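S.K.: These are the residues of each chain, in order.
Protein chains: 2
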Amino acid sequence: MTKPLSGLKIGILGGGQLGRMLSVAASRLGFSCHIYEPVAHPPAGDVAQEVTTAPYDDRAALKAFARSVDIVTYEFENIPTDALDVIEAHCPIRPGRHALEVSQDRLVEKAFLTDIGLKTAPFAAVDDPVDLAEVLEEIGPPGLLKTRRFGYDGKGQARVTEPADAKAALAAMAGAPAIYEGFVGFSQEISVIAARSLSGQIACFDPGQNVHRDGILRTTTVPAPLTTAQRTDAVLIAGRILNALDYVGVMGVEIFVTPTGLLVNEIAPRVHNSGHWTQNGCAIDQFEQHIRAIAGWPLGDGRRHGDIEMENLIGADMARLPELAADPGVSLHLYGKAEARAGRKMGHANRWLRPA
Amino acid sequence: MTKPLSGLKIGILGGGQLGRMLSVAASRLGFSCHIYEPVAHPPAGDVAQEVTTAPYDDRAALKAFARSVDIVTYEFENIPTDALDVIEAHCPIRPGRHALEVSQDRLVEKAFLTDIGLKTAPFAAVDDPVDLAEVLEEIGPPGLLKTRRFGYDGKGQARVTEPADAKAALAAMAGAPAIYEGFVGFSQEISVIAARSLSGQIACFDPGQNVHRDGILRTTTVPAPLTTAQRTDAVLIAGRILNALDYVGVMGVEIFVTPTGLLVNEIAPRVHNSGHWTQNGCAIDQFEQHIRAIAGWPLGDGRRHGDIEMENLIGADMARLPELAADPGVSLHLYGKAEARAGRKMGHANRWLRPA
Numbered sequence: 142m143t144k145p146l147s148g149l150k151i152g153i154l155g156g157g158q159l160g161r162m163l164s165v166a167a168s169r170l171g172f173s174c175h176i177y178e179p180v181a182h183p184p185a186g187d188v189a190q191e192v193t194t195a196p197y198d199d200r201a202a203l204k205a206f207a208r209s210v211d212i213v214t215y216e217f218e219n220i221p222t223d224a225l226d227v228i229e230a231h232c233p234i235r236p237g238r239h240a241l242e243v244s245q246d247r248l249v250e251k252a253f254l255t256d257i258g259l260k261t262a263p264f265a266a267v268d269d270p271v272d273l274a275e276v277l278e279e280i281g282p283p284g285l286l287k288t289r290r291f292g293y294d295g296k297g298q299a300r301v302t303e304p305a306d307a308k309a310a311l312a313a314m315a316g317a318p319a320i321y322e323g324f325v326g327f328s329q330e331i332s333v334i335a336a337r338s339l340s341g342q343i344a345c346f347d348p349g350q351n352v353h354r355d356g357i358l359r360t361t362t363v364p365a366p367l368t369t370a371q372r373t374d375a376v377l378i379a380g381r382i383l384n385a386l387d388y389v390g391v392m393g394v395e396i397f398v399t400p401t402g403l404l405v406n407e408i409a410p411r412v413h414n415s416g417h418w419t420q421n422g423c424a425i426d427q428f429e430q431h432i433r434a435i436a437g438w439p440l441g442d443g444r445r446h447g448d449i450e451m452e453n454l455i456g457a458d459m460a461r462l463p464e465l466a467a468d469p470g471v472s473l474h475l476y477g478k479a480e481a482r483a484g485r486k487m488g489h490a491n492r493w494l495r496p497a
Numbered sequence: 142m143t144k145p146l147s148g149l150k151i152g153i154l155g156g157g158q159l160g161r162m163l164s165v166a167a168s169r170l171g172f173s174c175h176i177y178e179p180v181a182h183p184p185a186g187d188v189a190q191e192v193t194t195a196p197y198d199d200r201a202a203l204k205a206f207a208r209s210v211d212i213v214t215y216e217f218e219n220i221p222t223d224a225l226d227v228i229e230a231h232c233p234i235r236p237g238r239h240a241l242e243v244s245q246d247r248l249v250e251k252a253f254l255t256d257i258g259l260k261t262a263p264f265a266a267v268d269d270p271v272d273l274a275e276v277l278e279e280i281g282p283p284g285l286l287k288t289r290r291f292g293y294d295g296k297g298q299a300r301v302t303e304p305a306d307a308k309a310a311l312a313a314m315a316g317a318p319a320i321y322e323g324f325v326g327f328s329q330e331i332s333v334i335a336a337r338s339l340s341g342q343i344a345c346f347d348p349g350q351n352v353h354r355d356g357i358l359r360t361t362t363v364p365a366p367l368t369t370a371q372r373t374d375a376v377l378i379a380g381r382i383l384n385a386l387d388y389v390g391v392m393g394v395e396i397f398v399t400p401t402g403l404l405v406n407e408i409a410p411r412v413h414n415s416g417h418w419t420q421n422g423c424a425i426d427q428f429e430q431h432i433r434a435i436a437g438w439p440l441g442d443g444r445r446h447g448d449i450e451m452e453n454l455i456g457a458d459m460a461r462l463p464e465l466a467a468d469p470g471v472s473l474h475l476y477g478k479a480e481a482r483a484g485r486k487m488g489h490a491n492r493w494l495r496p497a
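Which chain is which? The protein sequence lines are A and B, in order. Numbered per our numbering, the first sequence spans residues 142 to 497. Numbered per our numbering, the second sequence spans residues 142 to 497.
For the record, the hints were derived by calculation from the structure and aren't laboratory data. Since we're looking at a predicted model, the values are computed, not measured. For each residue, glycine too, the CB sits at the ideal point set by N, CA and C. Treat each hint with caution, since some may be false.
Unchecked claim - Examples of chain A residues lying across from chain B (beta carbon under 8 Å, computed):
| id | residue |
| --- | --- |
| 1 | Ser147 |
| 2 | Thr369 |
| 3 | Glu395 |
| 4 | Gly488 |
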């Protein structure tokens, strides 16, 4: 076994709550972090050694950032390719470029997943009204039209319930290249939070069941109600994706459970909101697992000690702080954001249900 | 119930590992921290929003620090009184002055403990050879001569096995006021990590058993092997101390278990090394419990989920990092100190033994 490195300095692109919790996890391993974020006073800046406030097209700032750290990682996948080029000239980026290229484009992602033998919802590229008409003929409604790039939390999506919705849906794409995804009748959505180390070791946390509202994740509950076969399948799917990408770090894999088997909905090459329960359910959480992987450490113990419900605290949910703070079953994780705007993720509450 | 405050800024005097872990706990509640520490690049600085590097007699720096935060707390008890005066003119210090005055002087501390009806080892003040001769007559050897102030990790102590050791022991005090403590035959030393909220609510973590070597804590194991009566006694003792001091925050109470009952060895008005196991054994650890208390929040859930052994990693122990990092039962907590000097606390390992 190689000796785990100590005293590393880790660069994190993005200073939101994921960067914040990654920085905290890095500190547990004796590492320090440097946050790169265009917006001043980011949540991650409160728990980092250094913060650079600069846009992603500031090559000088990116170069200085890359030179100041040993490894760069990120909390979001939509990093401009030019920024990656500047950074990679000075230090490794983990997870690597391939994973980013695949996950930055819904069409490339779906094609990659089917190429490695996994099932997804039926999909097709849509660039114009003619494409859409053909696709609606072939796959049929209902379905979702989504921009291929830069979508998150339900943004950049339009529902197509019948052919007459086509025009408005296409208009909602505002000219951006799109993908049509046929509706899938699923009984539940689950997430596998999977990690792969630099040496190829793989470990998955127990799958959790996700519930969304208005396109935003509200709760993740572990364990998800799955058969043993489904659970094994889900973990094998995640493992296949990680190996195919020669992946290093933590990935969130969203999966639909359907009567005909598991379909991969989406992959995120980073720590994931549906993995926040691990902070109170496991000895090593998803954030430390990610830092261990990118730092070349062996993966840690992700066994689940308890049944947990993670609830996102969004906007006005912060008014419930008094009850939540006094609830003996709840561990709070707040992000230090000043303003509780509607739809803004302000924190999350992990509720301990029972020992595993 | 009062509404828990959000977005507080907390000042921490001292930037070592305790300040580091307090700052991380504060971030979970959405708070940010400002570290005040005379030595540059302190471990806590890696996970804090702001760091002031200045000595404790720099009144201008102390004033600016106090003005920048909502509450001040500390990671060590030997803060000069003048510094406290400057700070207290601008914001509250929690735990309060009374707890600090008591714990800064071993003689005052022992007198306080016996005043509130608790048992300690036999003790007496020693200022000169005449005092020491009298005390050795009265209490008798074996015992320990200790400086009344500024002792930690076995420093400022001299053993007196027979009357002939008296001269050398007194010389080791270097003229500082001292206290003689008669040796107590104890079966084990335990710690109670106790918390008291601003509204007077008290919660104690399960007592742990401490093992020292060369005057430094090596391991704390929970649960300590105690009878139910002993466990109840230990918790009641801690509660009595906290109430008597109108205490706000977490306190470490070291207790000797003897054939004739429990004797209080020492109190520390802060988070304590023997409470580090709570990071992997409880939903809310001692660091968050302390932050909750000083911020005026309700105390959190300190119930123990597992049996844990906490081991300090001291100096050359860092050579064991490869095994520890790969051990699936171990959660590591490293402090980010560059140099692994002999006797220096570099981190700790929490080993999960079994569910509670």
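S.K.: Hint by hint, say whether it matches the structure.
M.R.: Do the hints match the structure? See the list:
1. With 8 Å as the threshold, the beta carbon of Ser147/A comes within range of chain B, its nearest partner Cβ sitting at about 6 Å, so the hint holds.
2. The restraint placing Thr369/A at the interface with chain B is violated, with a minimum CB-CB distance near 22 Å, outside the 8 Å limit.
3. Interface hint at Glu395/A: violated, since its Cβ lies 26 Å from the closest Cβ of chain B, which is beyond the 8 Å cut-off.
4. About 7 Å separates the beta-carbon of Gly488/A from the nearest beta-carbon of chain B, less than 8 Å, and the hint is met.
Against the hints set out earlier in the document, violations occur for numbers 2 and 3.
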